[in-house]
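Protein chains: 4
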Amino acid sequence: MSYNTFGHLFRVTTWGESHGPALGCTVDGTPPGIPLTEADIQPWLDRRRPGQSRLTTQRKEADAVCILSGTFEGLTTGTPIQLMIENTDQRSKDYGEIAQAFRPGHADLTYHLKYGLRDYRGGGRSSARETAARVAAGGVARAVLGQLAPEVAITGYMVQIGERHIDRARIDLAEVTRNPLFCPDASVADDWAAYLDAIRMDHDSVGAMVEVLIQNCPPGLGAPIYAKLDTDLAAAMMSINAVKGVEIGEGMAAAALRGTQNADEMRMVDGVPAYLSNHAGGILGGISSGQDIVVRFAVKPTSSILTPRRSVTKSGGEVDLVTKGRHDPCVGIRAVPVGEAMAACVVLDHLLMDRGQTGGVRGKIGN
Amino acid sequence: MSYNTFGHLFRVTTWGESHGPALGCTVDGTPPGIPLTEADIQPWLDRRRPGQSRLTTQRKEADAVCILSGTFEGLTTGTPIQLMIENTDQRSKDYGEIAQAFRPGHADLTYHLKYGLRDYRGGGRSSARETAARVAAGGVARAVLGQLAPEVAITGYMVQIGERHIDRARIDLAEVTRNPLFCPDASVADDWAAYLDAIRMDHDSVGAMVEVLIQNCPPGLGAPIYAKLDTDLAAAMMSINAVKGVEIGEGMAAAALRGTQNADEMRMVDGVPAYLSNHAGGILGGISSGQDIVVRFAVKPTSSILTPRRSVTKSGGEVDLVTKGRHDPCVGIRAVPVGEAMAACVVLDHLLMDRGQTGGVRGKIGN
Amino acid sequence: MSYNTFGHLFRVTTWGESHGPALGCTVDGTPPGIPLTEADIQPWLDRRRPGQSRLTTQRKEADAVCILSGTFEGLTTGTPIQLMIENTDQRSKDYGEIAQAFRPGHADLTYHLKYGLRDYRGGGRSSARETAARVAAGGVARAVLGQLAPEVAITGYMVQIGERHIDRARIDLAEVTRNPLFCPDASVADDWAAYLDAIRMDHDSVGAMVEVLIQNCPPGLGAPIYAKLDTDLAAAMMSINAVKGVEIGEGMAAAALRGTQNADEMRMVDGVPAYLSNHAGGILGGISSGQDIVVRFAVKPTSSILTPRRSVTKSGGEVDLVTKGRHDPCVGIRAVPVGEAMAACVVLDHLLMDRGQTGGVRGKIGN
Amino acid sequence: MSYNTFGHLFRVTTWGESHGPALGCTVDGTPPGIPLTEADIQPWLDRRRPGQSRLTTQRKEADAVCILSGTFEGLTTGTPIQLMIENTDQRSKDYGEIAQAFRPGHADLTYHLKYGLRDYRGGGRSSARETAARVAAGGVARAVLGQLAPEVAITGYMVQIGERHIDRARIDLAEVTRNPLFCPDASVADDWAAYLDAIRMDHDSVGAMVEVLIQNCPPGLGAPIYAKLDTDLAAAMMSINAVKGVEIGEGMAAAALRGTQNADEMRMVDGVPAYLSNHAGGILGGISSGQDIVVRFAVKPTSSILTPRRSVTKSGGEVDLVTKGRHDPCVGIRAVPVGEAMAACVVLDHLLMDRGQTGGVRGKIGN
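Protein chains in written order, with the numbering used here: chain A, 13 to 379; chain B, 13 to 379; chain C, 13 to 379; chain D, 13 to 379.
The hints are simulated quantities; they were obtained by calculation from the structure and are not laboratory data. Be aware that one or more of the hints could be misleading.
Identical chains blur together in the list; that is why a pair holds if it fits in one copy or across any two.
Said to hold, decoys possible - Within a straight-line C-alpha distance of at most 35 Å, the following computed DSBU-like cross-link-like pairs (lysine-lysine) qualify:
id	residue 1	residue 2
1	K376	K326
2	K376	K336
3	K72	K336
4	K336	K326
5	K72	K326
Every value quoted in this text rests on a predicted model; they were computed, and no experiment measured them.
Using the sequences and the hints, build the whole thing.
Right under this line is the structure:
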């Protein structure tokens, strides 16, 4: 089976390979009457675009999005929106050797085992280029949220690169877009860049941890039991290339806590219930509580490195493989706008689902 | 929206509340001709059953499963299997106060906000009692795997309780079922029990981390891009009550690694490709590689504790809430068989999906 | 694959066999806060119940529905509703011979070919008893519609039994429930009953055509392109046992019409667009127009008859088979409440889907 | 909600409008290793292409299909296949008046009511041009069936145009492609063409009935209860533009039959069960029996005619509307290849589903 659709009511179906003529997605379920042109989507793609600094791949892709259907006179019609991005900078010659060998850490071997054949050019369908389509879809989701729930703010940023961790007390969301690493602390951005440079010079790569913060998410979103909001966020993030872990709120650290510590106590403040902490990360029982939603995911180090690694070939030989080409020293960086996009899609999807079942009417507190 | 179905071809729809007459699930998509009686399912439920040691809730539930449909003369017919478990030990009177107040860490407030009303008895649908139905479904999945892929072994165990961590070098799967904590190291099981006792006496609770190991999983399972094997495992585990994080292989620790460290190199061994390490946790590009699949998830501490926590009421008052009743000091313990069951369902689902698309034929290595 | 779930947002999963201990369904996606008890569902089951007149099977089933989950204090909670109906009048001994032989017109052979085994007692899962679960689900749908769109009226009735056709000019919906044949013309009901009696005496059975009329359906329901309102109605009706054809509005007769005849012209009446005819049957482009929705389906004659028919056995022998037991001379009669129930589920499902995408806001005509 | 995906394991998501830059579909779930190039798909599109005879619209579309993803070196890879068809002959100026008025029989009013706005150029998404994408997808399905089940033959043809009915005894499948009407009787093809010419000259249009015959369909396909083979075929055909009814085997005529007539009796012939008739149309209990599958659907007359019809406008005015432009006098003609394509998709989808659940192993008859 192949399964390239994401979402319940707001459904995104992506298609395309790294070295095919184009890639894109169909966005189905968009509400009608939402202003939408390429200009609403392109800025999000530009954030993810390669070749923007020495810290990401030097592949030069315009990543220009084209809307082929689903809008009329600048408004969504409620019918499926087709977004296409042409691949312009393909260098298939870079990929000669790996037609036969399986690159460690890549999906080469598993695609071969599953399908019996594979498009070895740049990883084919398993390439992270697929995430461009997600970012485009996220742009549509953001445009819709801008109309239906304009208070929602979704911001991704880096909280760890290899051995470098952010000091959470110094997180400043305003800094995120001011440096190429999506680092939310201006005082360490230069150090992080130097650290990454050294790793690249060393013919190595490094992992990263990304946090996505969803502020002002309406309460009541989430479809228990098997499409809980956190379940869908976990699936969304884990489906991103190279992601190995996802956590909400306290996340894995919750295993070390006591009940007395972990409880998010409540008091009435100005006639409204207010949480005194947010260990839960904004989700209880799979449903948003109205607090900030905090999602983190870990991205493994780029598997394509210039240091030789031992591997095998299709014919059963052994090989020491260097993955040439133009690769990111830290794929986690470009995963930031992807994580944001997935979060936007999930929040909108649940907003529509909830509106379908409950009409969006909320239970009340107080008199 | 409500969404209580899990899986693609092997689909489990659960229903039921903590204090209703019964709970259960419909298991749809089971292959025909598989031997299946209640005796194949009951042992898995018995592992999860409450009241078996002083370390879990003293609620006494028989958790006796009944097959209402889908089998004939001891074999599955390929039609939907209905599994029902009657609730026998309900004490609704324990839940008087929380009809009005929202328990911190529970879904009380979010269900109220979303639905405008809630079944406050034991958390209603948000109660972990729902997981009994999952374990029953997992029993069906295991019975099918026993016929289609008998080499697959799925074992869950505890790797952390609060401040106590397992020494991975001492993990012995044979020990897991010999102690009530699913602890895989006999030398620490008593210490863990004493630690947990102390926490309980302290009117507190504690978190835990569970690992599920899938051995001998056939390669080629996984449906890229949005039903990757790890995506579906992440969704499966995150949908379990109180889970706050999920990781595969290196998991969150991958953020700190370099590409040279994280690469799982390969060599030919006896004419077959062999990985020299397993940082990936058995999944590459969302497809199983044939290596052990390693999934971990963190369970937050039980929210129901005897130490008062500050909260609010439906009418907007403030309250200091003690959650009486019979509660687990560590809900992570009983999450072990639940995690195993979810893993069994996911593996079988992907085995059937893969058989559908590819016929289960694998790509070859060597001549 | 097995697929026992119907609907998108309002999803019904049925389970159970003719001769198992019980059958039922899980109704997922019901809005919260809807008054619902067994008393709201039972009357619809009573309409379908066997043994009520000499014109239907003499099998005596109480068909008493029990709500096992999803309601609290008489209101739906928004969580899955489990409905169970126990089978009380099973006579497995009636089914000895057909354990080996395949009854013509039944699913015996095809289930055997597909699954390799079958529950031969009363047809097992392929028995029309499964439709009791649908009628129960339809009762839930009607209860919800009663709150969200109380103007909607859904009425099924017989328009043909064998050679007897209704005179459409004489259709009187008030008559439908006054005779056991759901005949909407009082002047022919007795004749139809006598006709059916003669067929039964003749050890034969007869087909029927059922019409379901949906009055006051809100405009705008339908999810183009592949979940159009008529598409989903067609699927719903075709999934009913013994149904061989489905039509909307003019239906098959549209093939003979000219464009000038078939056009439903419009004029403004009291400031609102009014159709001057209804060839379309209330649906255009897969979306409800606000006109009456008219669906018809043909039910083949009961395959179980007392006249011997030639058949074969599992071991490859030949046999002349008489299907004893207690069978309806015209299964189309009891299909009437089933068709109504399916229509209710489809309309509610689309009401919720539409509310999800568009918010239920309608385009305007005039100033 | 919008829902533009069709199928379970073999899933087709179509997108595009009549007058946008392009339309197409994503085909997900194709087995890997199937030879596939544009040349395998184009011939099917050519059959549906407009402007090929005076009997269909004079709109000139090349309908050239382009594969944008999912194949590598001429073989499918198992990843999503994107098919794009550019719109080349758009004349938006033809559609000025209908920007304000609602054409009778079209989806203009219902799209306006549902979405609040509509792409009025050629009907936008509701245009039958969308079916080009279906035919392309059907080409992929046929290519796969050619490898997995090469014995399957799927043929659509016209059995009625307006008052002209086929003489079933004279049906000759070899004739179907020899005339522009897909008429299976050479002796009447000229008469039908003249009949249609006269209707066109009369500024009118006419309905039609199409039959799709599936020969050598493997037994055992169909997923009871809610994805029965006939259920999915009914949904497939009813989703085609202008279709008002669908029937299997005897279809609506089954209502008039007796059980003794309708029974498809069986005898052993050469050691294999053989049916002596095929009233069922090849499907019993929703599962294919191995007999020919016979599906018919009625297509209403083209709504766009040159004879004025009364209608209303968005601003609430009244108008007598002539639908200019280049329209088919009988849309049923071009629905023939569309019906075939939908049948091919459904059969392949069920073949894959069945292989997933049962492994494609069949129950046996005889020793």
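Hints versus structure:
In this homomeric assembly, K376 and K326 come within 35 Å of each other (Cα to Cα) only across copies, at 8 Å, whereas the closest approach inside a single copy is 63 Å. Taking the closest pair of Cα atoms, K376 and K336 come within 35 Å of each other only across two copies (26 Å); inside a single copy the shortest separation is 59 Å, beyond that limit. Taking CA atoms no more than 35 Å apart as the test, K72 paired with K336 passes inside one copy only; the shortest distance there is 16 Å, against 48 Å between copies. Proximity of K336 and K326 under a CA criterion of 35 Å is satisfied intra-copy only: 19 Å inside one chain copy versus 61 Å between copies.
Taking CA atoms no more than 35 Å apart as the test, K72 paired with K326 passes inside one copy only; the shortest distance there is 31 Å, against 49 Å between copies.
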